[in-house]
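In case you want the letters, here they are:
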Amino acid sequence: MSKRTLITLFLAGATIVLFGVWRARAPETGSTAVTPDVDTSRTSPTAPVSRPPVTSAANHPNIDSPAFPPGLQPGPISTLTQTFEKSDNLARLVSELAPRVAAGDTEAARVVAQALDECAHLSVFPNFVEGIRKSAEAMPANRRDAALAHLTRFQERCGDLAGAEKITPERIRSAHEAASHGNDLVDQGRRLTASSASMSASEVKDSLRRIVQSRNGEAIASIADAMAESSDDRELFGPYSGSKVHAMAWRLVACDLGMPCGPDSAQTRQACMVFGNCIRGDYREVVRFFFLSPWEFELAAAEERKILQEIIDGNFDRLFP
Amino acid sequence: MRTLFNGLSQLLALLFIALASPSALATLNCNGPSINVNQAPYNVLPAVQNQNVGAYDEDVLRTNVMTAVVARYRIEHGPRSIDPGKTFKITYKNRTKECGVVTGLTGSVAAVPIPGTRRDAPGDGMAVENTSVYLRQFNQNQANQLHGTYQVCYDYYSNGELTATQCSVQVW
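Line order of the protein sequences matches chains A and B.
Its first residue numbered 2, the first sequence is counted upward by one per residue in the numbering used here.
Its first residue numbered 29, the second sequence is counted upward by one per residue in the numbering used here.
There could be a bad hint or two in this list.
DSBU-like cross-link-like pairs, simulated, lysine-lysine; straight-line CA separation at most 30 Å [said to hold, decoys possible]:
| # | chain 1 | residue 1 | chain 2 | residue 2 |
| --- | --- | --- | --- | --- |
| 1 | B | 114 | A | 167 |
| 2 | B | 121 | A | 167 |
| 3 | B | 121 | A | 135 |
| 4 | A | 87 | A | 135 |
| 5 | B | 114 | A | 206 |
| 6 | A | 167 | A | 87 |
| 7 | A | 307 | A | 206 |
Just so you know, these hints were derived from the structure itself, not from any lab.
Keep in mind it's a predicted model, so treat the numbers as computed, not measured.
Just chain B, with the same shape it has in the complex (with noise of 0.2 Å):
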């Protein structure tokens, strides 16, 4: 019975804040694998456990992280696994997020945040669409790989009915 009333009283508690909050109903689909640098093993990566990155920080911090954590990933889940031109979302320790996008597969910079998807982190922000982001195009330097651009594209949904798309090209 106490358990009963337990999680009842915890789901009318969740359905309060997702009511109240209208970002926390809020989503970002990156159209890629969802990395959240809070979980193991990324949130030993010293580029995450004692420093505290977010989605707003400066774009020279999240490369670095992104760029770590997705060399994690691929340690992980084997060294093709994610690409570049694949997209992908990281959850900083803050919780806010972000879409990014693999650039290169060894060095220190080898993923960049993608302009324009940095959302709060739930409960924060009053953000109540949900975006999904992906990638048109993806070119690389014939030559050396290091250089290229990208055409992303933003599909906006309200109440699952899709209400806009933007696309940019994106140099990198």
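Only chain A is shown next, with the shape it has when bound in the complex (with noise of 0.2 Å):
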């Protein structure tokens, strides 16, 4: 044999082999692996799956838990609140309430239009039920398990209530109106949140100190997405507004203080049924998990204590100087 078909053959060979390598290859850089504990429901199409961090809440739920502030006292959650957040049939809650509602309650209005909110997606969308179970069976098992108990609980609750008419935008309007002439601190703080630019700097701070100081979750959590206002605003807001972290924090000391957070409230629920956000835990693995990044979540975690330890201190002038 020639050296020169000694050579071609050597060049032959050494072509199959790459070819080879580049044939294995091929599948892991053309492609994307995907694992099965991957939520590939979250991605879109086109867009690339990746694992989420081996950090994340769903794989430790108890993970970078804020340390909770010695000598917090929770503010009083009202009985109303709490009816509804452990009411099996809204429909019958709301049938309930509707004197209360006609005799001018503020707070029982509120809670009707809270019910309409929740239920709302159940009586408008066809095969609802149908749809979120289609979409849990592609969701990790742990996450499928919590987004079929809470479909279950949705359904218990809200079941007759849709069903029994179609809730539509002009039927919430008008139950959120009715609850819109009310003056308790929930109120103040949704009015506050809505219109602030119509209101002195006075009237905002005074307002915001008197809620704060109440200690009320569920007023507190009513004024939270104020504090993402712009870093402009810092003045009005304090020094702990200007970011969507910074509402989140205040969202995280609602829940400090008594408002309904759990793995069964309504909050969480909601997240679940409305965003398809569903994860066994309750609310702050929901924010921690899916609505803000891990260094977001440890940002707005260190901000939370903050605020506790000013609340804790009564320093409501520092946080609203």
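With the hints as a guide, bring both chains together as one complex.
Written out as structure tokens, the structure is:
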């Protein structure tokens, strides 16, 4: 065999080997590996699928929980809110509250509006329950279990109410309207969040101090979104404001002070039924896993601790100077 | 060489589609964020994922989809990232689209469709105009922020030239 033939054979062999190596590597580089515990439903058809970080809330539900400052006394949560949270049948609750709403009880009206908000999707969308069930099938096992548990409770609470009437935008607006004439702290917080621009600086600060001083978790939750006002407004909303991280920190403070945020709370369930963000755990887990990045969550938890400490120390003028 | 050929043929195909279907060239500018429900995180919303709501479905369905989408947008971008009075464009699952206006910060009715802005999916209709939609005024009921009016204007363009402007007052 000539030297030239040997070189040709060697080059041909090398080409075949290199081609084989390239083919073997191609599936790894050309497509994305999908692992069974990845929630593929969260990704768009075109977006690359990635595994959640190993320190995610789904895997370690209790990791990084903030140290709860000692000496914190949560404020009162109204009986009506507790009744709403525990209700197994919101249609019955709405009907029981009807005379109070007619008599001008704005807190009762607020609970009716909350019930309609909670059940609206079930009333409006065809096959809503089947849709959630189908989505749950694509979730990792622990999240699927949470989704199905939320769904069962949702059907129990909303089945009759959604079946009795189509919950139209007009119906919801009129329910919220009946609730809007009150003057308790939750109403004040909502009004402040919706229209702080039309209030004077002293009105805003007085209102914020009053709400936070009350340690009423529900009222504090109602101002949480206002605390995301842009940094230009920090002077108005205090040093713990200016971004979505601050808004989330205030929501977590509201939870610490008694706002219902447990695994079976309306708020946690709504994250699953409205956003598809279902997870085993309480509202804090929802925020940690779905709403903030790990770094943002760390920042929010740090702000939460500082705010709680200011409340414990009674430094309301430092919160809203 | 082969890659070059593939790229060239794709480009030609796109060009053909664009020329053959005038609506593919039509644009709708809602002067606000564009939200495509086919993309994460909107594609997992229960109002979207296993539902088939499009721009030509009844108002109540579109209002529910818009409200859920706007609430999710706020989680991503911040609670005050899209306040009442802001407009946005929504592309539905079937790729029909329309403009919406934010009417509230909370609750299950916090965004509504803007009449006259529905558009077919690319390639479906014969609409050729480019439209820019914007609000001139947005008023909320001072007492409860639950009702209000807005003045919406539509600028129609053809070949880059403004051909007509229409304005109307809508109640929400």
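Here is what the structure says about each hint:
no.	hint	in the structure
1	B:114 to A:167	28 Å, holds
2	B:121 to A:167	24 Å, holds
3	B:121 to A:135	17 Å, holds
4	A:87 to A:135	27 Å, holds
5	B:114 to A:206	26 Å, holds
6	A:167 to A:87	24 Å, holds
7	A:307 to A:206	19 Å, holds
Figure legend: structure checked against the earlier numbered hints; every hint is met.
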